[in-house]
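From first to last, the protein sequence lines are chains A and B.
The opening residue of the first sequence carries number 1 in this note's numbering; numbering runs sequentially from there.
The opening residue of the second sequence carries number 1 in this note's numbering; numbering runs sequentially from there.
Since the hints were made in silico from the structure, they are not lab data.
It is possible that part of the hints are untrue.
To be verified - Here are some chain A residues the structure puts well away from chain B; computed CB gaps all over 12 Å:
| # | residue |
| --- | --- |
| 1 | Glu-228 |
| 2 | Gly-258 |
| 3 | Lys-414 |
| 4 | Pro-431 |
| 5 | Asn-439 |
| 6 | Glu-456 |
| 7 | Glu-461 |
Unchecked claim - Distance condition first, Cα-Cα at most 25 Å in a straight line; then the derived SDA-like pairs of lysine to any residue:
| # | chain 1 | residue 1 | chain 2 | residue 2 |
| --- | --- | --- | --- | --- |
| 8 | A | Lys-311 | B | Arg-221 |
| 9 | A | Lys-414 | B | Arg-214 |
| 10 | A | Lys-346 | B | Gly-135 |
| 11 | B | Lys-116 | B | Gly-135 |
Cβ atoms here follow ideal geometry from the backbone N, Cα and C, with glycine treated the same way.
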Amino acid sequence: MFTALLKYPYPHRSTFASLSGNALYGQLKAAAPAVSRLAVFATLFAALVTPAAQGQESPSVKRIEQAATLIRDNRIAEAELQLNSILKVAPNDAAALNLLGTVRAKQGRLDEAETLFSRAIRADKQLVGAHMNLAYLYLLKRAPEKTALELKEVLRLDPDNADALHKLAWLLLSQGRLDEGITLIEAAEKTNPLPASLLAMLGDAYLKKGVAAKAEESYLLALDRQGENPDALIGLGLVSRAKGDGAGAALYLGRARGVITDSPDLLYKFAMAALNSNLNGDAMAALKRAIELQPAEPSYHLLLGITWLRKPDLQEAEQAFRASLKLSPNNPSAQMHLGYTLLKQKKFAEARGWLEKSVQKDTGTPESFYYLGLIAQEQREDEQAVKLLEKAIQLAPSFANAHIALGSTYLKLKNYPRAQQELEIGVKLSPDDSKAHYNLAMLYARLKDNERAQAEMRIVERLKSSGKGQEKDGDASAPSTPSPR
Amino acid sequence: MKSRVVIFLLVIIFAADLPFDARAQKGPGKAAVTFEEVPPGASGITWVHNNAHSQERFLPETVGAGCAFFDYDNDGWMDVYLVNSGASDFYTPAVPIKNALYRNNRNGSFTDVTDKAGVAGGTFGMGVAAADFDGDGWVDIYVTSYGRNILYRNNGNATFSDVTEKAGVAAPGWSTCALWFDFDNDGKLDLFVSSFVKYDKSQITLCTDETRSRHYYCVPRLFKPSPSRLFRNNGDGTFADVSKASGIADSPGKSFGAVATDVDNDGLMDLFVANDTMPNFLFKNNGGGKFEEMGLGAGVAYSEAGKPRSGMGVDAGDYDGDGWQDLFVANIDQEFFSLYRNQKDLTFADEPGEIAPATQLLSGWGLKFFDYDGDGDMDLFLANGHPDDMIEVRLPKVKHKEPLLLFDNGGAGFRNVSAQSGAVFSREFSARGMAVGDFDNDGDLDVLVSVNGDAPLLLRNSGGNRNNWLGLHLVSTRSNPSAVGASITWQAGGVRRTRLKTSGGSYLASHDSREVLGLGSAPKVESVEIRWPSGKVDKLSNLPLNTYVRVVEGEGVARNGAAAAK
Numbered sequence: 001m002f003t004a005l006l007k008y009p010y011p012h013r014s015t016f017a018s019l020s021g022n023a024l025y026g027q028l029k030a031a032a033p034a035v036s037r038l039a040v041f042a043t044l045f046a047a048l049v050t051p052a053a054q055g056q057e058s059p060s061v062k063r064i065e066q067a068a069t070l071i072r073d074n075r076i077a078e079a080e081l082q083l084n085s086i087l088k089v090a091p092n093d094a095a096a097l098n099l100l101g102t103v104r105a106k107q108g109r110l111d112e113a114e115t116l117f118s119r120a121i122r123a124d125k126q127l128v129g130a131h132m133n134l135a136y137l138y139l140l141k142r143a144p145e146k147t148a149l150e151l152k153e154v155l156r157l158d159p160d161n162a163d164a165l166h167k168l169a170w171l172l173l174s175q176g177r178l179d180e181g182i183t184l185i186e187a188a189e190k191t192n193p194l195p196a197s198l199l200a201m202l203g204d205a206y207l208k209k210g211v212a213a214k215a216e217e218s219y220l221l222a223l224d225r226q227g228e229n230p231d232a233l234i235g236l237g238l239v240s241r242a243k244g245d246g247a248g249a250a251l252y253l254g255r256a257r258g259v260i261t262d263s264p265d266l267l268y269k270f271a272m273a274a275l276n277s278n279l280n281g282d283a284m285a286a287l288k289r290a291i292e293l294q295p296a297e298p299s300y301h302l303l304l305g306i307t308w309l310r311k312p313d314l315q316e317a318e319q320a321f322r323a324s325l326k327l328s329p330n331n332p333s334a335q336m337h338l339g340y341t342l343l344k345q346k347k348f349a350e351a352r353g354w355l356e357k358s359v360q361k362d363t364g365t366p367e368s369f370y371y372l373g374l375i376a377q378e379q380r381e382d383e384q385a386v387k388l389l390e391k392a393i394q395l396a397p398s399f400a401n402a403h404i405a406l407g408s409t410y411l412k413l414k415n416y417p418r419a420q421q422e423l424e425i426g427v428k429l430s431p432d433d434s435k436a437h438y439n440l441a442m443l444y445a446r447l448k449d450n451e452r453a454q455a456e457m458r459i460v461e462r463l464k465s466s467g468k469g470q471e472k473d474g475d476a477s478a479p480s481t482p483s484p485r
Numbered sequence: 001m002k003s004r005v006v007i008f009l010l011v012i013i014f015a016a017d018l019p020f021d022a023r024a025q026k027g028p029g030k031a032a033v034t035f036e037e038v039p040p041g042a043s044g045i046t047w048v049h050n051n052a053h054s055q056e057r058f059l060p061e062t063v064g065a066g067c068a069f070f071d072y073d074n075d076g077w078m079d080v081y082l083v084n085s086g087a088s089d090f091y092t093p094a095v096p097i098k099n100a101l102y103r104n105n106r107n108g109s110f111t112d113v114t115d116k117a118g119v120a121g122g123t124f125g126m127g128v129a130a131a132d133f134d135g136d137g138w139v140d141i142y143v144t145s146y147g148r149n150i151l152y153r154n155n156g157n158a159t160f161s162d163v164t165e166k167a168g169v170a171a172p173g174w175s176t177c178a179l180w181f182d183f184d185n186d187g188k189l190d191l192f193v194s195s196f197v198k199y200d201k202s203q204i205t206l207c208t209d210e211t212r213s214r215h216y217y218c219v220p221r222l223f224k225p226s227p228s229r230l231f232r233n234n235g236d237g238t239f240a241d242v243s244k245a246s247g248i249a250d251s252p253g254k255s256f257g258a259v260a261t262d263v264d265n266d267g268l269m270d271l272f273v274a275n276d277t278m279p280n281f282l283f284k285n286n287g288g289g290k291f292e293e294m295g296l297g298a299g300v301a302y303s304e305a306g307k308p309r310s311g312m313g314v315d316a317g318d319y320d321g322d323g324w325q326d327l328f329v330a331n332i333d334q335e336f337f338s339l340y341r342n343q344k345d346l347t348f349a350d351e352p353g354e355i356a357p358a359t360q361l362l363s364g365w366g367l368k369f370f371d372y373d374g375d376g377d378m379d380l381f382l383a384n385g386h387p388d389d390m391i392e393v394r395l396p397k398v399k400h401k402e403p404l405l406l407f408d409n410g411g412a413g414f415r416n417v418s419a420q421s422g423a424v425f426s427r428e429f430s431a432r433g434m435a436v437g438d439f440d441n442d443g444d445l446d447v448l449v450s451v452n453g454d455a456p457l458l459l460r461n462s463g464g465n466r467n468n469w470l471g472l473h474l475v476s477t478r479s480n481p482s483a484v485g486a487s488i489t490w491q492a493g494g495v496r497r498t499r500l501k502t503s504g505g506s507y508l509a510s511h512d513s514r515e516v517l518g519l520g521s522a523p524k525v526e527s528v529e530i531r532w533p534s535g536k537v538d539k540l541s542n543l544p545l546n547t548y549v550r551v552v553e554g555e556g557v558a559r560n561g562a563a564a565a566k
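Please work from the sequences and hints to get the whole structure.
As structure tokens, this is what we get:
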């Protein structure tokens, strides 16, 4: 029975990341899948049982086993009675405290659960399961630092604990502590050959650091360990993309797609990689399948919307963002994307509503202020537009589009010196932005400097005929596509 | 000029015999104003446009055609002219294809008088512009074509003569919209003719799909632009081509819609011209017969991203009542239509408001600012349709046939009222030309829409006259015969409004030349002032309500000037 209980499903890395409640690993902030509280508790429960059981002697071991079975069968009240009766006799029984903590966690009484897990650890510092449970609990309580400490403790007690290693590595990488994560994985690899999943994670870390060669090495090693590891294949696709090898990227991603069948998380991850490799059709197909498999996952709808923006199909994108927000109404990224999509359709009032909601929760995203600035500009609120665009620039001084929009607002306000200043900054930051050159052309035309106006329009024409300008027109102002790493 | 006055007096007498009364309800109407289709069986307009559709899909097939409301027989009732395709270097019709002139029977129906009038055309027709170019009191018509244009002079006896060659206005090539206006304020009507791309059989490009199994209509980007034309009226039945001298020809375009208006209130009529896949033109009239193209600086040439769009229909009007002419351009799907608010310094801000999302997937042609409900504000009617009949294969969300749209101007922006404005707005058409006129003389403005390859739509305004109104027929003595450029200021119910008499606008169309002033629920017109292009000012008072009056330049309301009193 305990063996069976041990075989709890290890949460996929992206699921694990989402437990932290933040946008963690690989800046998947825009689209990190959420996980149900129930699933977390199932994991919690499973994590605690074996160590507890291992530490007990009969007959209390038998009673602990019974309590664990009751919890597994979701007979919580009976389990609680059983555990209380054990604790009445042995108030510091670590295994019972650990299990009762699980019960409290399942009941949503997280503070009490934390107290119980801590008591279990005080009673038995070697109780690995209690440390693991506490690690999970801290994830639920959005305390990743404490989670990491607990996981480190597990590894100190049980250096071969693959789960703890995996989770800690993931957590560190999620938090951008790339060097720590790399050191952890590489040290473990020296001791024992690691599974492909951890090597792929190592590759991800190197890729995120921009060390493509080391990333490639890790992914290839992962493939040596597991022939068609999807994470490694996706990673190699991204390495190829980073090296400018589009065909190679398509090849690896194609292989990855071949082995990913019905895993929504992997389909999602694949979609993100495909999107970053401009394989929009593949991304779309993968996301549609992921949504078929798991329709209630808001991040899938969000990424689908982003993919529709690439087409571009604003109506479909709008629909997808609305679906995402229906499932997760307070996601500022989805709010921003919907606001942007509505803005592009010139549905300004509603766009403003969503963007304002977004900036209430996330004041650090310059795009949101930029879009609000554009709306203010459209609504003849030029002074307000200036403030919003300046805020966007304050958050991201090299935000070319914001400079260009600010220049355009000053143009509207007939403040030609400021317009020129901002537009020239925009051109410096983004020389191929046809909108900047167009606004400069309009400015010079108004200043009756037709020669310079025509020169700027020739640049616009050149950009258009080279395809750069058109691409810019379509996407320059779009929210950046989430990075897969 | 005198003859024109006499003729109009006769018109008034006839017009007093009114056939029907749509004014079921007085005062400020709460019920929706609707546009009701007058079916061919009732209107007698059985003519159908033949777009010469071919498997090769030659571009002119999808561009036409136009229509006009004008009063050819001076009986005070709007007649209808419809333009058709015809023989060309790529098309030989199996049977002759005709334009059509329908005489208004004054009872809601029309009679085809094309053959008797001699205005059947025979060219591959595009648009029409009606005006009394020779000032003889009879409205003439200019028909644009792919090929040779035709100037039909109204003989005053229900017939017309083709005077194109004598007048020197054939303008071979591919002409689209035309308009009459007086650019040099000499009291004579000059002629502007939009030129589309360079296109003839020897250079015709045919476009195919990827499988090369089917042709589709080429994007105009593939063709070279062509300069539009400006003809100065010599006053003797001939015109001088001043396209080069005026500066118009310095800007070759792919021009469709054009409107003559005065964007800087300097008393000189400027031109705003829509171009397809090229920047639009704003030709500022600098006086002395010279125009300066300044669309870029004005901010009306390109999209906000600096991209030229597919401008098709245009119009001008003071929608926000600030005394400055605003502009409107309809583009192709995904490009959004533009409502350019005049910032009073020769710059414009594109502020389409609710119109933008409603037209995102539409392609607009005929369009007009007019006060459909008599409240005094300029509303907006849009006629749409995608030029590519296979567009749905490529873009399923974009339709070949598209709905008409009506936007009500409530004083604080436009509101889409199409859904409550009649069943016709729930149907879809390949609409092109769109003319506005009061064909039933009931004081509210009706609409005529030409449909590519199909029967035209005659839409009767029902309820637009629940508010009070005053119709003005301006009769010039010194100014140009159409009084284009006249500024009308009226006050009713304490509200003062101004309207500039523009020319052209919409697409391939010509409109009722009378001005209907919406008075809302005001019980009387407190004052009307007309500032004529000649500089003369007529101040009018004690005017009747809900009737047309004839106002003669320098004389005021003509004796027995009330017509069509309801």
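Need the list of violated hint numbers for this structure, in ascending order. Violated: hints 3, 5, 6, 7, 9 and 10.
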